[in-house]
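If you're matching them up, the sequences are chains S and V in order.
My numbering puts the first residue of the first sequence at 1, with every later residue one more than the last.
My numbering puts the first residue of the second sequence at 1001, with every later residue one more than the last.
Hints are not guaranteed to be accurate.
[Stated by the list, open to error] Taking lysine to any residue and the SDA-like style, the derived pairs with C-alpha atoms no more than 25 Å apart in a straight line are:
#1 1041/V - 326/S
#2 1014/V - 1386/V
#3 318/S - 1049/V
#4 1313/V - 202/S
#5 1386/V - 338/S
#6 344/S - 1040/V
#7 1022/V - 295/S
#8 1262/V - 1283/V
#9 1313/V - 1234/V
#10 318/S - 1262/V
#11 1041/V - 346/S
#12 1022/V - 339/S
#13 318/S - 1050/V
#14 318/S - 284/S
#15 208/S - 1036/V
#16 318/S - 1040/V
#17 234/S - 264/S
#18 318/S - 340/S
#19 208/S - 1026/V
#20 208/S - 1230/V
#21 344/S - 1262/V
#22 344/S - 1036/V
#23 1394/V - 346/S
#24 1041/V - 340/S
#25 1022/V - 340/S
#26 1041/V - 333/S
Keep in mind that the hints were calculated from the coordinates and are not lab data.
All figures in this text were calculated on a predicted structure; none of them were measured in a lab.
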Amino acid sequence: MTDEQGTSGAILVVGGGISGLTAALEAAEVGNDVFLIDKNPYFGGRVAQLNQYFPKMCPPSCGLEINFKRIQNNRRIRTYTMATVSGINGGPGNYQVSLEIAPRYVNSNCTACGDCAAACPDEIDNAFNFGMNKSKAAYLPHEMSFPRRYVIAKAGLSSAGAEAVKASCKYNAVDLDMKTETVTLNVSSVVWATGWDPYDPAKIDNLKFNESKAIVTNMMIERMAAPSGPTGGKIVVPGTNKEPASIAFVQCAGSRDENHLEYCSYICCMATFKQMNYIREQYPEAKIYVFYIDLRTPGKYEKFRAKLMADKNASFIKGKVADMVIEADGSVTVVAEDAVSGVKVQQKVDLAVLATGMQPTNAGSKAPAGLKLDENGFVLSDYEKGMIGAGCAKKAADVVTTTQSSTAAALKAIQVSRR
Amino acid sequence: MNVQPDLTFIKYLKGAGGDTLKKCYQCATCSVKCPLSSDEKPFPRKEMIWSSWGMKENLVADPDVFLCHQCGDCTTYCPRGAKPGDVLGAIRAYAYTLYGWPSGLAKLASSAKGLPVLIGIPAVVIFIFWLISGGMHIPDKEHFATHGYQQFFGVWEFKWYAKNIFFIVMFMVPSLGLAIFSLYMGLTRLWKQMSLNTGVNPAYRPSVTQFIGEFLWPSLVEIVKHTRFRECGTNSDRVTGHLPLMLAFIGLFIVTCWSLLKNDIIGLFLHSWHGPMVLWDPFKIMANVSAIALLFGVYVLWSNRAKSEGEGKTSRTFYDWFLLWEIAAVGITGLGSELLRWLGVPSLGYIVYFMHLVAVMMLFLYLPYTKLAHIAYRTTAMAFEKYRESAFMKPAVE
């Protein structure tokens, strides 16, 4: 890239998950200048948090690593982490986008040697693992973080901690006086690949997420099942670390529900089948109960579903879990009506997994000027204006669909830049 | 299963507050959230699919439809806005019309279009009686102060049966009689159909004493205590309105019985007992407390419903409002005529009293066809539920 502030034909990709990475690479590899930004200190997004992703049950390193490599090798892509869009001016073909870059407190001298984390006495909740464990206040967000550079959570650092961290770094990479920076980019169009957040399970009051450790979300299961996760890859009941002998999956936890997310989140049925696989690998005899409204496994996923439905120790109950009873022994009883037999089911289990859905990250927040959202917070692409949605920012989808939509978004963005 | 959807029935439900029923996707959240739903026969999920498929026969003989207190918990948690609570209300309204006898009258009482006739019938009947009774005059203030409304239909020499009572009995008793007969017919049909659908062995029938002792009495105790109403979450404040209203009706029933006994039986022998009760008479106090409780209760229920409709949580239906209007009319005209008696305004007093008679007669006459029929139908369903769960329903030991 010749001009650091962008060229008239440059494209800004907001969000560096699987969707943003794809859009950025597709555009750059045909010769466009691209800015790729992420609000996290790393790229990889939600996929990085998964243990495996379907349909081939690949670990995230499989898809992400090659993309990171392509980005490193491509001189047309410039990246910013910990960056958010604070304002947009101008029009299609000539946008001035202001970015706010939060301080990382670690500069580019960092070699990711890990001395600062070793020296740091202070711990913070590990957000990457949904708070299931702690990390040092000077930390590498996750095992395969890209860019491979530490971050310091200054708010979680004591004064002794600050001294220790500074003293530990032999490369002079720690800079606790770093300030928020503002950068203005000139771009012709913006691809919004802002992704999704797991729906906040605490909002579904009848599922009592905060009342028992035995109630977890599907994303927490992903982290537990991941070898780099808080339990080293073992699925257990958080808190007691008990090996669950019975597990209930609560489908549509907050999805297809006017009171929460009115749409189908698309991936939760398949995520549950995938997680049944994790459980089977660890607990061949565990009882699994899946409570559902409809099982939605479109296309080739039907085979995947058929295989898991043949499991002798798994039962599938057509009925949404609408109540939970917290038991004194640490287990929970899920309550549903079996709509096929017409009788209420009260199933006591060691672990209840809420298959929570996807909420676009833009939901509820004030979208930057010029970005149109639907009532659920999904991006409404405006190709004329060069405001293009991609991946789960546009609709709930799996990785395959997401990458397809990102490639399409890249093409639309290129068209705007060459108008 | 071969389902022949009854389209007219579905259309009826949609028009009677169940317009949302087709939104249901059978997730069964409602059956779990309903505090009154049992483990073996949960509702209202099955009622929702029966409604959607127009399976009228199943619904009108389903005790669960009548057990529903319309708490609104199902509607609050419904992920689709299908409002199961309103759908069940619409089914009940349909059932009362279906079981109502004579069917013409039942049909008339089911929609706002019938309102002029519904008010017209008692108004004309009572007015004609007033004309033929020869009462036909507005008393002077002095007369009004001593006798109140006790000579509304005039007086005659025959002291053993007062003319006023004679005329009131002439229209109130047939009205109530018709209502009771109609309810008897409807409830017998309902019970038979419920037994048939549940697969009761007709060989095991409880005796009358067993029926009353084991099924009916416990249900009545539950009703008076509002045990089930209190389990409601969303609309728990309805107890605040319904309980005083129910107690008011019981109170007014006692006072009416006493008034009849005092004036027209004891009064025949002890002349001083005849005449309006003094204000500090315990029964008068009871009457006034009941009247205020009635107005308070109806005010609470009225404003709850209006609020809920305003927020789009409930549909507005004639079925629900007609009963509120009737009860409000009874309360306002009743208390109004008493106040006008104290104020000594005979002409206006007589008009309001006339309206009071009309309102009371409406309440009696249309009891089996309006929402008020829940008194009988829900009680029957509660008794049936206990019967269904009793030893009578268990298979005989081989």
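Right, here's what the structure says about each hint:
| no. | hint | verdict |
| --- | --- | --- |
| 1 | 1041/V - 326/S | holds (24 Å) |
| 2 | 1014/V - 1386/V | violated (32 Å) |
| 3 | 318/S - 1049/V | holds (14 Å) |
| 4 | 1313/V - 202/S | holds (24 Å) |
| 5 | 1386/V - 338/S | holds (23 Å) |
| 6 | 344/S - 1040/V | holds (6 Å) |
| 7 | 1022/V - 295/S | holds (21 Å) |
| 8 | 1262/V - 1283/V | holds (11 Å) |
| 9 | 1313/V - 1234/V | holds (11 Å) |
| 10 | 318/S - 1262/V | violated (64 Å) |
| 11 | 1041/V - 346/S | holds (14 Å) |
| 12 | 1022/V - 339/S | holds (17 Å) |
| 13 | 318/S - 1050/V | holds (17 Å) |
| 14 | 318/S - 284/S | holds (24 Å) |
| 15 | 208/S - 1036/V | holds (21 Å) |
| 16 | 318/S - 1040/V | holds (16 Å) |
| 17 | 234/S - 264/S | violated (29 Å) |
| 18 | 318/S - 340/S | holds (7 Å) |
| 19 | 208/S - 1026/V | holds (22 Å) |
| 20 | 208/S - 1230/V | holds (23 Å) |
| 21 | 344/S - 1262/V | violated (55 Å) |
| 22 | 344/S - 1036/V | holds (13 Å) |
| 23 | 1394/V - 346/S | holds (23 Å) |
| 24 | 1041/V - 340/S | holds (12 Å) |
| 25 | 1022/V - 340/S | holds (19 Å) |
| 26 | 1041/V - 333/S | holds (19 Å) |
In terms of the numbered hints stated before, the structure departs from hints 2, 10, 17 and 21, listed from lowest to highest.
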